[in-house]
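For the protein sequence lines, the chains are V and X, in the order given.
At position 124 of the first sequence the residue is numbered 124 (the working numbering), and the sequence of numbers has no breaks.
At position 138 of the second sequence the residue is numbered 138 (the working numbering), and the sequence of numbers has no breaks.
Rather than coming from a laboratory, the hints here were simulated on the basis of the structure.
Quick reminder that beta carbons are idealized off the backbone N, C-alpha and C, glycines included.
This list has only true hints and no planted wrong ones.
In silico lysine-lysine, DSBU-like type, Cα no more than 30 Å apart, as pairs:
{"#": "1", "chain 1": "X", "residue 1": "Lys82", "chain 2": "X", "residue 2": "Lys13"}
{"#": "2", "chain 1": "X", "residue 1": "Lys13", "chain 2": "V", "residue 2": "Lys183"}
{"#": "3", "chain 1": "V", "residue 1": "Lys183", "chain 2": "X", "residue 2": "Lys82"}
Far from chain V, by Cβ distances over 12 Å, these chain X residues were calculated:
{"#": "4", "residue": "Glu29"}
{"#": "5", "residue": "Leu178"}
{"#": "6", "residue": "Glu238"}
These stretches of chain X come out as covered by chain V in the derived footprint (C-beta under 8 Å, 3 or more residues):
{"#": "7", "segment": "63-74"}
{"#": "8", "segment": "80-86"}
{"#": "9", "segment": "98-112"}
Given next are the chains, with one letter for each unit.
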Amino acid sequence: MSSTNLARSETQVQIGQVPRSRPYSEMSRAGMLAWQFGLGILILAAWQLASGRLVDNFFISNPIDVAKRLWGWIISGFIFIHLWVTFYETVLGFVLGSIIGILLGIWLGVAEFMSRLLNPFLFGFYALPKIALAPLFVLWFGLGLESKIALSTVIVFFLVFFNTYAGVREVDEDMINTVRLMKGTRLQLLTHVIVPSSMGWIFAGLKISVPYALIGAIVGELIAANQGLGFLVQYAGAEFDTTGVFSVLVVIGLLAVALNFLVDIAQLRLERWKIVSH
Amino acid sequence: MIELQALHKTFEKGSQPVEAVRGIDLTIEQGSIVSLIGPSGCGKSTVLHMIAGLYEPSDGQVIYGGRPVQSVNTSVGYMTQKDNLFPWRTVQDNVALPFELARQPREERRDRAREILGRIGLTGFETRYPSELSGGMRKRASLARMLLYRPETFLLDEPFAALDSQLKLSMHELLLRLWTEDRQTILVVTHDLVEAITLSDRVVVLTHRPARVVLDQAVDLPWPRDVLNVRFTNRFKEIYDLLWDRLREQYEEERL
Chain V
1 MSSTNLARSE TQVQIGQVPR SRPYSEMSRA GMLAWQFGLG ILILAAWQLA
51 SGRLVDNFFI SNPIDVAKRL WGWIISGFIF IHLWVTFYET VLGFVLGSII
101 GILLGIWLGV AEFMSRLLNP FLFGFYALPK IALAPLFVLW FGLGLESKIA
151 LSTVIVFFLV FFNTYAGVRE VDEDMINTVR LMKGTRLQLL THVIVPSSMG
201 WIFAGLKISV PYALIGAIVG ELIAANQGLG FLVQYAGAEF DTTGVFSVLV
251 VIGLLAVALN FLVDIAQLRL ERWKIVSH
Chain X
1 MIELQALHKT FEKGSQPVEA VRGIDLTIEQ GSIVSLIGPS GCGKSTVLHM
51 IAGLYEPSDG QVIYGGRPVQ SVNTSVGYMT QKDNLFPWRT VQDNVALPFE
101 LARQPREERR DRAREILGRI GLTGFETRYP SELSGGMRKR ASLARMLLYR
151 PETFLLDEPF AALDSQLKLS MHELLLRLWT EDRQTILVVT HDLVEAITLS
201 DRVVVLTHRP ARVVLDQAVD LPWPRDVLNV RFTNRFKEIY DLLWDRLREQ
251 YEEERL
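Model the full structure from these sequences, guided by the hints.
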């Protein structure tokens, strides 16, 4: 009798002591940032220590050399020329690919006959790894920026096109009918129903294609170029300059982070205008 | 006046054609309220779609105002089970949509939207988005949109099915009040026999699919009706029993 009571009261105490939430999920932003900073330092320190001890410096270079190299490039302004070229190609590829993708996506989304006609061709082309087109673009557009912009455009185009197309096909038939019954014209169907209702899809496509625009530009530069971050990586690698390779990788990483940051800001603004949210 | 003449509709989707409507003849007088009632999936909505010109009849025709319906019928306002409000527009911009399509000046359409929203008790919600409203409020906004642009005929497809019974009654009251002012022709599809009798001049019972008319019953209850109490009158009970007998047969035939 008494032992049962004891057991029961113990159970109750245990229930009362179960923490309400996991402690790490409640960590403040600043706290998490401190941990992340700490981990970053740890990785850099491990890299520095491993270099020349565990692994030959030739293969992995070391953070101090990389930092020195980057600083030198910043002082001389050397890196900015290449950074600008890659950035320019990325942005132009993104803008061109997006415009063509949105326009074609809306058109084929609305035009049943054309979409069925072109369907196998588009999917065939989509399945093709676009990177494989790079040599062709170099042949067509030369070694300059145009061939990289073209590659970036093609990659972005497909991502934006298929998202836009899906968005237009998803448009609620009842909403279309609503506007038709209210004497809406075909143009008004487009501007008042189809485009606003596929906005969420279109922006999702734009968002995922930003890093791909950068990939297109870099890969284009890797294959044949005399400027840009991709060219620098390729050049440093050919020269067995590991420090140079790592330095450019750092710059490419920072550029990617910056581009994603821009996308996040754009999305925040659009959500405030209630375009993205449904 | 709307005339359905030997109206047929068969859907050829897939390998198995589905016959939804089999030969409906019906005349709906200008300014009257007619309810269509029948088992679920019996083709009631298909009839409304054909009147609105959104479906083409497989056979027979819809004569609207003396002319056969051959394309989208812009004389009707169609309220489906969904509210069909545009989630990216505020309530007042949703309600003013028909005027925007007609290129009316912004100030004017805004004023008219605000006025009708006031009449249906949505003051204070003009600049909210549909997602911020309750189901009943969205339904009212959707009704307001249709009332505002004054189509001469309302097609209402189970307009109040999703509402709780109290809200349903207040919507009935609102609809009848507005109808007394404007005298539109109203065609209501419903599952709710009490709703059908309360609102209508005539109740038409349809068979299960393919839909045919089994009973066309006049509701000779006096206007104006008190939606809260009309259901307790003797005449209402008689009409209810008459309709229910036929409706029950339809339900029993479909019972597994």
